[in-house]
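Trainee: With the sequence shown counted from 1, adding 238 to any position gets you the working numbering.
Just so you know, these hints were derived from the structure itself, not from any lab.
Owing to the predicted nature of the structure, the values given are computational and were not obtained by experimental measurement.
Check before you lean on any hint, since a few could be wrong.
What the hints assert, rightly or not - Simulated DEER-style distance windows between Cβ atoms:
no.	residue 1	residue 2	range
1	Asn300	Pro400	37 to 43 Å
2	Thr365	Val307	36 to 42 Å
3	Arg261	Pro310	47 to 53 Å
4	Asp383	Leu265	27 to 33 Å
5	Leu475	Leu412	15 to 21 Å
6	Leu323	Thr480	27 to 33 Å
7	Leu265	Val377	41 to 47 Å
8	Asp383	Ala495	48 to 54 Å
What the hints assert, rightly or not - In silico lysine to any residue, SDA-like type, Cα no more than 20 Å apart, as pairs:
no.	residue 1	residue 2
9	Lys354	Leu492
10	Lys354	Ser425
11	Lys354	Val373
12	Lys354	Ala474
13	Lys354	Pro428
14	Lys354	Asn426
Glycine included, C-beta positions come from ideal geometry on N, C-alpha and C.
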Amino acid sequence: MRVEVGIRVGDRPDVAASLVTARSRALTAVLQHWPEYLIEALGLGLFMLSACLFVTLLEHPNSPVRQTVTDPFVRRIPMGLAMGLTAVGLIYSPWGQRSGAHLNPSVTLTFWRLGKVTSWDAFFYVTAQFIGAIVGVGVGAAVLDAWLAHPAVSYAATVPGPGGAGVAFVAELLISFFLMIVVLTVSNRPGLNRFTGLCAGALVASYIVFEAPLSGMSMNTARTVGSAMYAQVWTALWIYFTAPLLGMLTAAQLYVATQG
């Protein structure tokens, strides 16, 4: 005697209806918002390409800049400025204004938790961000070839610093928490909301200068995965999947509790 395990969709009209509804909502989201998904992929791709270019320029041993500026702290200053300005440019671009320029899975999931993004939009935003990061580093690898692959550059990979995984986790959590607190506070002030992108860019710049030695300054799971795919460096990857999201969700919860 054959025993069938499980329930076929056709045997449960409610299950079938739920699947049809889910597919319908997903299709509707794609048809309505595919430009925004594409913008998110392109935006993070450009950010990663910029990171690859500037890390190579500043860290490759054969780079004239690296040979001239021997102090790592001093080299992080132009790196921070470059990436901060890249972020600001993407945020204030017409495309960034259209999609909201999340460019970060943790930002998207936090806005989803706050009810500002639908479930399907969040899913496709995050998917696009991962694709964009991977493609962006891929373009950098095609252009820079062995320069980007050099161990001193390592595809702009993010890894914990000498303090280890514990320090890196706390550092990633704190910088992510503070970024989201600033974004929520500034963006919800009518007289200040136009400065949200500038504040975010300034934080990215300062984090690269001062925090990067602790964790590599990721704050962005897709950004870390994009580099790791090519560098094949997966050191303490769990940090970059958990700390940024936990930090931003905690910031959102605190903001809602205190500001309503």
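Trainee: A separate judgement is required for each hint: does it hold in the structure or not?
Mentor: Results of checking the hints against the structure:
no.: 1; hint: Asn300 x Pro400: 37 to 43 Å; result: violated (25 Å)
no.: 2; hint: Thr365 x Val307: 36 to 42 Å; result: holds (39 Å)
no.: 3; hint: Arg261 x Pro310: 47 to 53 Å; result: holds (51 Å)
no.: 4; hint: Asp383 x Leu265: 27 to 33 Å; result: violated (40 Å)
no.: 5; hint: Leu475 x Leu412: 15 to 21 Å; result: holds (19 Å)
no.: 6; hint: Leu323 x Thr480: 27 to 33 Å; result: holds (29 Å)
no.: 7; hint: Leu265 x Val377: 41 to 47 Å; result: violated (30 Å)
no.: 8; hint: Asp383 x Ala495: 48 to 54 Å; result: holds (50 Å)
no.: 9; hint: Lys354 x Leu492; result: holds (17 Å)
no.: 10; hint: Lys354 x Ser425; result: holds (13 Å)
no.: 11; hint: Lys354 x Val373; result: violated (27 Å)
no.: 12; hint: Lys354 x Ala474; result: violated (31 Å)
no.: 13; hint: Lys354 x Pro428; result: holds (18 Å)
no.: 14; hint: Lys354 x Asn426; result: holds (13 Å)
The structure does not agree with the numbered hints 1, 4, 7, 11 and 12 stated previously, though it agrees with the rest.
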